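Participant: If you want the building blocks of each chain, they are given just below.
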Amino acid sequence: MWSPTEPVYRIATPTPAKAWRSRDGRYRLVGNRCEDCVLPFFPKRRVCPQCHSRSLTETVLAPYGRVVSAAEDRTPLIGHVGRDSRPFAIVALEDGPCVLTELVDVDTGTDAGGEGGPTTVTEGTEVELVVRKWRREASGPYQYGYKFRPRRAR
Amino acid sequence: MSGTMKSATKSAAKGATNGIGNSRAAVGVSGIGVALPAGRLAVSEIHEVWGTVPPQVLRRRGVTHRSVCDPDADAVTLAAEATRTALRAAEGPAPGAVFFGSQTCPYLTKAGAALLADMAGLPRSVFAADVQFSGKSGTAALLCALAWVGAGFADAALAVGTDTLGPHVAPGDPQEYTAGSGAVAVVVTRDAALATVDATGSATSDTNDGFRTDGERHIRTGGAVMTATDVGLIEHCTTAWERLGAMPGPPRFLAGPQPDAVTPVRLAKRLGLPAECAAPCVVAQGIGDVGAAAPLLGLARALELAAPGDRIAVLGYGCGAGSDALLLTVRAPATDTGLSEALTARRTVSYAAACRQERHFQGLDRLVGSYE
Chain A
1 MWSPTEPVYR
11 IATPTPAKAW
21 RSRDGRYRLV
31 GNRCEDCVLP
41 FFPKRRVCPQ
51 CHSRSLTETV
61 LAPYGRVVSA
71 AEDRTPLIGH
81 VGRDSRPFAI
91 VALEDGPCVL
101 TELVDVDTGT
111 DAGGEGGPTT
121 VTEGTEVELV
131 VRKWRREASG
141 PYQYGYKFRP
151 RRAR
Chain B
1 MSGTMKSATK
11 SAAKGATNGI
21 GNSRAAVGVS
31 GIGVALPAGR
41 LAVSEIHEVW
51 GTVPPQVLRR
61 RGVTHRSVCD
71 PDADAVTLAA
81 EATRTALRAA
91 EGPAPGAVFF
101 GSQTCPYLTK
111 AGAALLADMA
121 GLPRSVFAAD
131 VQFSGKSGTA
141 ALLCALAWVG
151 AGFADAALAV
161 GTDTLGPHVA
171 PGDPQEYTAG
181 SGAVAVVVTR
191 DAALATVDAT
201 GSATSDTNDG
211 FRTDGERHIR
221 TGGAVMTATD
231 VGLIEHCTTA
241 WERLGAMPGP
251 PRFLAGPQPD
261 AVTPVRLAKR
271 LGLPAECAAP
281 CVVAQGIGDV
291 GAAAPLLGLA
301 RALELAAPGD
311 RIAVLGYGCG
321 AGSDALLLTV
331 RAPATDTGLS
341 EALTARRTVS
351 YAAACRQERH
361 FQGLDRLVGS
371 YE
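Line by line, the protein sequences give chains A and B.
If you read the first sequence in my numbering, its first letter stands for residue 1, the second for the next number, and so on.
If you read the second sequence in my numbering, its first letter stands for residue 1, the second for the next number, and so on.
In isolation and in its complexed conformation, chain B is listed as follows (with noise of 0.2 Å):
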């Protein structure tokens, strides 16, 4: 999928400007809710356990904290939470269709999408998918839903980007000290409220920077080359961001995938836009990645940043998937997303609790206890 949206076409010369945001249709987001868990463990005392990565690289990533999962959390009920925030917040008619952005759904063989339609209360004739194995899901089911309701399948459509990477990362690899848990979630609809979308464009090709095999307990990276080499993040957003075609100037705000602090901002100096773009939108910080949700978590601090008329860019990239790209145009700053709420709410995490609530080491499984 590139190009403007506005007809194959128009989309075929690139460049051309305003797809689906100057016509009729207008479809856009009209509704963001953000849920993250309240558990935080410092990347300090992961360091103190592990010692994997040197102190002056952690404090380079610019990472404090990652959130923890609660061991009674995964990536569906972050989920429901964030759409119970994000429909609330929504006006408009209910959604038609559920895409269900996630690389660490709890179930391999089930639809997160169906759990997550029944705990938002939609009605039965909804229509549900989920978007799955990489990072970048979240953009990907907004990209799904834009285009479902552009299409006029649905009045307005649900996508939400959650992960729950801490359960899913070795101990001991490079990528714990960052991974985060959290979830986002977006109402799209024709005539949106919040912001229209303007362009998208994407990027893929098959990059073993990060992947998880059929039965394997954690996922894996690709090691230092991938990164280090650029081949992975930096180029295939570059060409998504190409995709979007020529801009009278730089958007105000840049949402990028977000594996730490500092990438976002690397990215927009790459792209050759200014860091106080990308900076405003980071919140990585105190979380750590959220995989899927992080280029989302940027678009709902954009969106309560913005003023009317001001552009966002979202960069979405997933490892081993490639890169979506969306400009969006605000209609109005967003008020209720509940991002400053779950930033704020939180509860100190030891790294002893944080392995056992994210499940990292098999305890003794007593099966059947005597009370019950």
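Here chain A stands alone, though its shape is the one from the complex (with noise of 0.2 Å):
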């Protein structure tokens, strides 16, 4: 019978137990940070790059930053029909690292506009976190993740 869910496309996922590993990240930006040269990862990472240290501690990243580059993704990816673009930036946020990322509620010129209507993004433009659906994996289930879109809240 014909369900409200989306199709699994054929994508090749990750195994389920990496995307579980991963989930915290994908949910929340939780990275992590060297304890001795106090740099923030994400996402998180085994060994510092700049002082090879592999104390590195969990921290939670702030769900705020700013949009360092925007672009459209006008490639037709199967799992994405029928949206003629996919607006995503580089996302420097509050704490550091950089982020690429998906963007909703943005403007891509074909939605209407008006009142209240998405706004376009440009360099700067302040961006918060927001977990939508990212896919289904390759052995079923939803996959979720973090986009961004333009900061409602202060």
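A hint or two may mislead.
[To be verified] Below, computed lysine to aspartate or glutamate pairings styled on EDC-like, alpha-carbon distance capped at 20 Å:
(1) 133(A) - 6(A)
(2) 110(B) - 6(A)
(3) 110(B) - 24(A)
(4) 269(B) - 235(B)
(5) 269(B) - 230(B)
(6) 44(A) - 24(A)
(7) 44(A) - 58(A)
(8) 44(A) - 95(A)
(9) 110(B) - 137(A)
[Said to hold, decoys possible] Computed footprint of chain A on chain B; a stretch qualifies when at least three of its residues, placed anywhere within it, have a C-beta under 8 Å from a C-beta of chain A:
(10) 72-82
(11) 118-129
[Said to hold, decoys possible] Residues on chain B that point at chain A, a partial pick, calculated with CB under 10 Å:
(12) 35
(13) 37
(14) 115
(15) 338
Since the hints were derived computationally from the structure, they do not count as laboratory data.
Every value quoted in this text rests on a predicted model; they were computed, and no experiment measured them.
Where is the CB? At the ideal position from N, CA and C, for every residue including glycine.
Got two chains here, separate frames each, mind docking them using the hints?
Facilitator: Laid out in structure tokens, this is it:
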């Protein structure tokens, strides 16, 4: 029977175990920080590339940041049928690391704008974290993860 | 569950006010957060396509737009967004229990509450449970959280009402004109910062005015007979309301179920309350029916408008599940619920785009792409 769930596209995703291990990073931007040189990382690293220390502690990075560079992807990707572009950006988080992320609720030039409508994202736009559906894993479950949208709350 | 919450003996005496509100624990709401998808579909556009409901009836319902769920959003992601706002506003201990109230969880077998607990960053020692299957699951989750904290099982609990009705109502169904999406998260603690709960009441009966059997694609309604005769919403809400006991006067706000924009006011009149207490809490005009989140959206609006000492009544109704009623006394108005931001951030969506986003029609599933 036809169901509202998305089909399981045949994208090779990593094993469910890897997706499960990385979930705190995807949901809440949990990175880590070098205890010796205080450098923050996202995603988590096992060795600090600067001082080669292996003592890193987990930290939850701030859910806010600024756009470094924004662009649109018009590649016809499966699982994105009917979307003529996917806006994405490099976001510099308030804590330092940069994330390559998709954007939501932004003006892609095709939506009707108007009052309260989607905003155009440029360099320096403040954005905030939202959790959205990324895809379905090859084994079936939904994979949720971070996307960003123009910041609402102060 | 009915009567006041202080003790079994006290609640047996009908009319005994102030159960938990005057008690030492003062269990209540200390944070509330709202999330709505940005997409809005004009009701007139649905009428152009289907014409199943006369335009004057649509106008009488008072809903001009319904919110449209984004293709990458569902009940869980909306709940996570609302929870982030609620936890940011709430002070005090981290929630030790999560009650996820929804009738449209993306999983039929898997706890949405567990997903939400991970997304909210709660410790693994948390208790998580889904309160599912009806439009009153938001208030039911809130009652569960209040009972959980009141019983001392945890210092704080999280209750979420979240629904994406748009994808789950059939095209052409009269409900489609108002089927919206949204979520509200409520943080419940002892010694609550925003409002304390004085009394609760419930009513339940087997009433088939809305259901979805296992494997069925869409939520069905019991038809016009059930709504026209008032056996569902009005009668259950009245029974639950009576269980709240005698009150010194009408509460300042009544946050009722919002299947459309006029039902809360109609309900207030039926309960003998002035229309002015229900009207300010109605937010359905621009977003439609958000199911389990609707009464809690009214609560969020009331908490924003209220002054300390005001009383707020919350009435939830779910098709085929009955009604819940709560009476709260405000301690401080809520400042950061995200409601006004969520109502103003909007993007117009056409009917065709909404159908595709909410997956109403089965498109060609190309499971393999040339770029993958």
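Participant: Taken at face value, is the distance from the CA of residue 24(A) to the CA of residue 110(B) at most 20 Å?
Facilitator: With a Cα-Cα distance of about 19 Å, the restraint between residue 110(B) and residue 24(A) holds, given a limit of 20 Å.
Participant: Quick check on residue 338(B) please, does its C-beta sit within 10 Å of some C-beta on chain A?
Facilitator: Because about 6 Å separates residue 338(B) from the closest Cβ in chain A, which is inside the 10 Å limit, the hint holds.
Participant: Against chain A, with CB atoms and a cut of 10 Å, does the hint on residue 35(B) hold up?
Facilitator: 9 Å, holds
Participant: If you look at each residue in the stretch 72-82 of chain B, do at least three have a Cβ nearer than 8 Å to any Cβ of chain A?
Facilitator: Since 7 is at least three, the answer is holds.
Participant: Does residue 6(A) sit within 20 Å of residue 110(B), going by the straight-line distance between their CA atoms?
Facilitator: 17 Å, holds
Participant: Need the status of pair residue 133(A), residue 6(A): alpha-carbon distance at most 20 Å?
Facilitator: At roughly 11 Å apart (the allowed maximum being 20 Å), residue 6(A) and residue 133(A) satisfy the hint.
Participant: Need the status of pair residue 110(B), residue 137(A): alpha-carbon distance at most 20 Å?
Facilitator: 16 Å, holds
Participant: Below or equal to 20 Å on CA atoms is what counts here, so check residue 44(A) against residue 24(A).
Facilitator: 10 Å, holds
Participant: Measuring from the C-beta of residue 115(B) to each C-beta in chain A, is the shortest one below 10 Å?
Facilitator: 7 Å, holds
Participant: Given the proposed pairing of residue 269(B) with residue 230(B), does the C-alpha separation stay at or below 20 Å?
Facilitator: 14 Å, holds
Participant: Min Cβ distance, residue 37(B) to chain A: is it shorter than 10 Å?
Facilitator: 9 Å, holds
Participant: Are there three or more residues in the stretch 118-129 of chain B whose C-beta lies closer than 8 Å to some C-beta of chain A?
Facilitator: holds (count 3)
The structure meets every hint from the earlier list without exception.
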